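Novice: Work out the full structure, taking the sequences as your base and the hints as a guide.
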Amino acid sequence: MRRLLMLCLVVAALLALASSAFAGPSAGITVTVTLQSISVGVSPGSWAIGVITAGTLATSSTFTATNNGNVAEDFTISTVATSPDGWAPGGSSAVDQYWLQFGTTTIGTSPVALASNVAASGNSTFSLKFTAPATGSAATGQDSFTVTVAAAAH
Amino acid sequence: MPCKNRIALLSAALALLATAVAAPAGGARDQQPVLGLAVQPGGLLMQDVKLGETYDLQQVAGITLAIFNQDGQAHAYLLSTHRPSQSGGSKPPPGYTDLPDPSWFWFERTEVTVPAQSSSQVRMYLRIPDDQQYANQRWSVTAGVTGKPRPDESIALAVYPRYEIETVALGRPELQHKPDGEFGLVPSTVVLEGMHPGDWRESEFYICNSDRRGRRYRFRVVSQDEAEGKLHITKSPAFSWMPDPGWMRTREARVFVRHNLAMPVRFRVKLPRSVVLPDGGWESILLVTRDDGLTRFLRVRVPSPPTPGQEGAN
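In order, the protein sequence lines correspond to chains Y and H.
Position 125, counted from 1, in the first sequence is what the numbering used here calls 173; the numbers after and before it change by one each time, with no gaps.
Position 65, counted from 1, in the second sequence is what the numbering used here calls 710; the numbers after and before it change by one each time, with no gaps.
Hints are computed from structural coordinates only; laboratory data are not their basis.
Computed from a prediction, not measured in an experiment: that's the story for all the values here.
Glycine included, C-beta positions come from ideal geometry on N, C-alpha and C.
Any given hint could be a false lead.
[Unchecked claim] So the derived list for chain Y, only partly shown, Cβ under 10 Å to chain H, looks like this: (1) T82; (2) Q84; (3) I86; (4) S94; (5) A96; (6) I97; (7) Q149; (8) F150; (9) T154; (10) P159; (11) Q190; (12) T196; (13) H202.
[Said to hold, decoys possible] Each pair of labels, with its calculated beta carbon distance range: (14) H202/Y - L723/H: 20 to 28 Å; (15) V143/Y - G859/H: 30 to 38 Å; (16) G925/H - T107/Y: 32 to 40 Å; (17) A761/H - V143/Y: 33 to 41 Å; (18) M908/H - A136/Y: 47 to 55 Å; (19) Q731/H - T107/Y: 29 to 37 Å; (20) T153/Y - Q731/H: 16 to 24 Å; (21) G938/H - T107/Y: 25 to 33 Å; (22) T101/Y - Q766/H: 44 to 52 Å; (23) A136/Y - Q731/H: 17 to 25 Å; (24) A161/Y - Q821/H: 54 to 62 Å; (25) D870/H - S169/Y: 41 to 49 Å.
[Unchecked claim] A few chain Y positions that, by computed beta-carbon distances, are all more than 12 Å from chain H: (26) G93; (27) S131; (28) G139; (29) G151; (30) T152; (31) T153; (32) A167; (33) G170.
Specialist: What follows is the structure, given as structure tokens:
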């Protein structure tokens, strides 16, 4: 029901935008809205790794990123540490440095391609591999990071 | 587990919990609800943008950025603008380049919190500096709507819609400075007023080569299918696509322009006798491609002549 309401909200917004699509010229500017919806969904919506030993690997179950928009989209993925201990992502496991990958691709703070030209309503699946920082890293008992999945029109 | 033992365990093994929920050691607990994020508009073309004027898109066109949070809890989103070539968004379509300074396009806020299963509207603004080198430009800017990372959220979403900006078209006599960038067309749009079926008209534009060396340029009029499909060029509102690219042709198929010079390019539009101009008129796209593949395009408009009743109205 909530999803239906949300869908109605999006459709209403599209219609509102359509009616204003050729609103110009006003004050000299002409504005054309292309009726594109850029939208992305990810399931499951979180990943709890649990307690693991320094330097060891944890693998997620499969995530599904879905193009909920109406045009083909490219997906990218990046990560940022939100931990209290100053960990950072890197290309290997080291002191205060974690290593996050999908397949053999390292995920860092700059977005890397996850999937290209995903059709509207299409999806892409991926798994994440996390290698914990090495022994000697700062740890207050619980640390965290965020993985961002982003969408843009193809 | 006693507190001391717990601390000992954590010092021996780095504990990483990606959510606030503690999971069994070595286990994964990731059957969480779906996350969803959408934005409107996903695409936008702003044309005839005057230099030095500040535009509130809600005020001039009734358009705001709508952010839809499609999952079960409130999220904060960071709003930003970027050069398309330097962001996670899509690259500018042919004929467009990065907006030189992304801060020329901005939002009323840099952060917005959207309740669960709800949406928020944010105003958008545009201002191009009052500098003649920025006339006749076609630029792209990427808007970033990024879930604000929180320690209790392991997955966040972001979307990067790309918006196109076309500044006011000014002819060479009106300009004292060459266009910004290494290659520009002056004017960027040519309007052929008063044409009727059976008429032909010649006009011209200049190619300005600001590159360090001379360059060759070739010309091609594109079809509607190619413009809308492969090239992602949006036609100007009120106009229809010119039905036949063959109605327009340049005098030369290609030209060489020395560095730091501008060269006129003449072209001709001939309308068949049997056609009827649509309301608004026709628009056509002339693609200008440099020898290294860099592309700009000229919009050529043939507005419908005013009907007899309208001619004396002004």
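Novice: All the hints need checking, so say for each whether the structure fits it.
Specialist: A quick look at each hint next to the structure:
A hinted interface residue such as T82/Y counts as satisfied when its beta carbon comes closer than 10 Å to some beta carbon of chain H; here the least separation is about 3 Å, so the hint holds. A distance limit of 10 Å between C-beta atoms decides the matter here; for Q84/Y the minimum to chain H is near 3 Å, and the interface restraint holds. For the restraint placing I86/Y at the interface with chain H, the shortest Cβ-Cβ distance is roughly 4 Å, inside the 10 Å limit, so the hint holds. The interface hint given for S94/Y is met, as the beta carbon of that residue sits about 4 Å from the closest beta carbon of chain H, less than 10 Å.
Here the hint on A96/Y is kept, as its CB sits about 4 Å from the closest CB of chain H, short of 10 Å. At about 5 Å, the closest approach between the beta carbon of I97/Y and any beta carbon in chain H falls short of 10 Å, and the interface hint on this residue holds. For Q149/Y, the interface hint is violated, since its Cβ never comes within 10 Å of a Cβ in chain H; the closest pair sits about 15 Å apart. About 13 Å separates the beta-carbon of F150/Y from the nearest beta-carbon of chain H, more than 10 Å, and the hint is not met.
At a threshold of 10 Å, the smallest CB-CB gap from T154/Y to chain H is about 16 Å, leaving the interface hint violated. Nearest Cβ of chain H to the Cβ of P159/Y: about 4 Å, under the 10 Å cut. The hint holds. Evaluation of the Q190/Y hint against chain H yields a held restraint, the C-beta minimum of about 5 Å falling below 10 Å. Interface restraint check for T196/Y: the shortest CB-CB distance to chain H comes to about 5 Å, inside 10 Å, so the restraint holds.
Of the supplied interface hints, the one on H202/Y holds, with its beta-carbon coming within about 7 Å of a beta-carbon of chain H, less than 10 Å. Checked against the hint of 20 to 28 Å, the C-beta distance between H202/Y and L723/H comes to roughly 24 Å, which is consistent with it. Taking 30 to 38 Å as the suggested C-beta distance range, the pair V143/Y and G859/H does not conform, at roughly 55 Å. As the Cβ distance of G925/H to T107/Y is approximately 58 Å, the hint placing it in 32 to 40 Å is violated.
In this structure, A761/H and V143/Y meet the distance hint of 33 to 41 Å, their C-beta atoms being roughly 39 Å apart. Here the CB-CB span from M908/H to A136/Y is close to 52 Å, well matched to the stated 47 to 55 Å. Distance hint check for Q731/H and T107/Y: the Cβ-Cβ separation is about 32 Å, which falls inside the suggested range of 29 to 37 Å. Remark: the range hint 16 to 24 Å for T153/Y to Q731/H is upheld by a beta-carbon distance near 20 Å.
Range check, G938/H to T107/Y: Cβ separation about 43 Å, and the 25 to 33 Å hint is violated. A hinted range of 44 to 52 Å for the beta carbons of T101/Y and Q766/H is consistent with their spacing of about 48 Å. A136/Y and Q731/H have their C-beta atoms about 21 Å apart, which keeps the hinted 17 to 25 Å range intact. A161/Y and Q821/H have their C-beta atoms about 44 Å apart, which leaves the hinted 54 to 62 Å range violated.
For D870/H and S169/Y, the Cβ-Cβ distance of about 24 Å falls outside the hinted range of 41 to 49 Å, so the restraint is violated. Separation of G93/Y from chain H is inadequate, the least Cβ-Cβ distance of about 4 Å not exceeding the 12 Å criterion. Not every C-beta of chain H lies more than 12 Å from that of S131/Y, the closest at about 7 Å, which undercuts listing it as non-interface. Every C-beta of chain H lies more than 12 Å from that of G139/Y, the closest at about 18 Å, which supports listing it as non-interface.
The claim that G151/Y is not at the interface with chain H holds, since no C-beta of that chain comes within 12 Å of its own (minimum 18 Å). Under the 12 Å C-beta cut-off, the non-interface status given to T152/Y relative to chain H holds; the minimum distance is some 20 Å. With 12 Å as the threshold on Cβ separation, the claim that T153/Y sits away from chain H holds: the shortest Cβ distance comes to roughly 15 Å. Distance check on A167/Y: its Cβ is at least 15 Å (rounded) from any Cβ of chain H, clearing the 12 Å threshold; non-interface status holds.
Every CB of chain H is more than 12 Å from the CB of G170/Y (nearest about 15 Å), matching its label as outside the interface.
Consistency with the previously given hints fails for numbers 7, 8, 9, 15, 16, 21, 24, 25, 26, 27, ordered from lowest to highest.
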